[in-house]
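**Q** Start counting the sequence shown at 29; every next residue gets the next number (the numbering used here).
In case anyone wonders, no lab produced these hints; they're calculated from the structure. Where is the CB? At the ideal position from N, CA and C, for every residue including glycine. Among the hints, a few may not be true.
[As the list claims (entries may be wrong)] Quick list of the computed label-pair ranges, beta carbon to beta carbon:
#, residue 1, residue 2, range
1, Ile36, Lys81, 31 to 37 Å
2, Glu48, Asp79, 20 to 26 Å
3, Lys81, Asn35, 22 to 28 Å
4, Ala30, Val73, 16 to 22 Å
5, Ile36, Gln83, 15 to 21 Å
6, Tyr34, Asp79, 40 to 46 Å
7, Val73, Asn31, 28 to 34 Å
8, Val82, Asn32, 35 to 41 Å
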Amino acid sequence: MANNVYNISEIVGTSSDGIEAAVDNAVAEAGKMVRNLDWFEVQSVRGHLADGKVQDWQVTVKIGFRHDG
């Protein structure tokens with residue numbers, strides 16, 4: 029990562045399959061919008077409950093993408 033310049037974007041991924049799947053969903057969607065994705069950082073994890081049970085995970089992720097040039 030030496031001598032590179034990055035932008036950071038924040039995106040939220042969700043999944044009923046767990047935290048890792050929610051992160052994967054966020055990264056996959058970000059990859060549709062921008063090129064040169066290099067890293068991510070999980071900012072927060074939340075969940076949705078129904079009848080006292082976990083139904084879905086929601087993960088806020090910062091995504092770093094490298095500038096061309």
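**Q** Hint by hint, say whether it matches the structure.
**A** How the hints compare with the structure:
no.: 1; hint: Ile36 to Lys81: 31 to 37 Å; in the structure: holds, 34 Å
no.: 2; hint: Glu48 to Asp79: 20 to 26 Å; in the structure: holds, 24 Å
no.: 3; hint: Lys81 to Asn35: 22 to 28 Å; in the structure: violated, 38 Å
no.: 4; hint: Ala30 to Val73: 16 to 22 Å; in the structure: violated, 31 Å
no.: 5; hint: Ile36 to Gln83: 15 to 21 Å; in the structure: violated, 30 Å
no.: 6; hint: Tyr34 to Asp79: 40 to 46 Å; in the structure: holds, 42 Å
no.: 7; hint: Val73 to Asn31: 28 to 34 Å; in the structure: holds, 33 Å
no.: 8; hint: Val82 to Asn32: 35 to 41 Å; in the structure: holds, 38 Å
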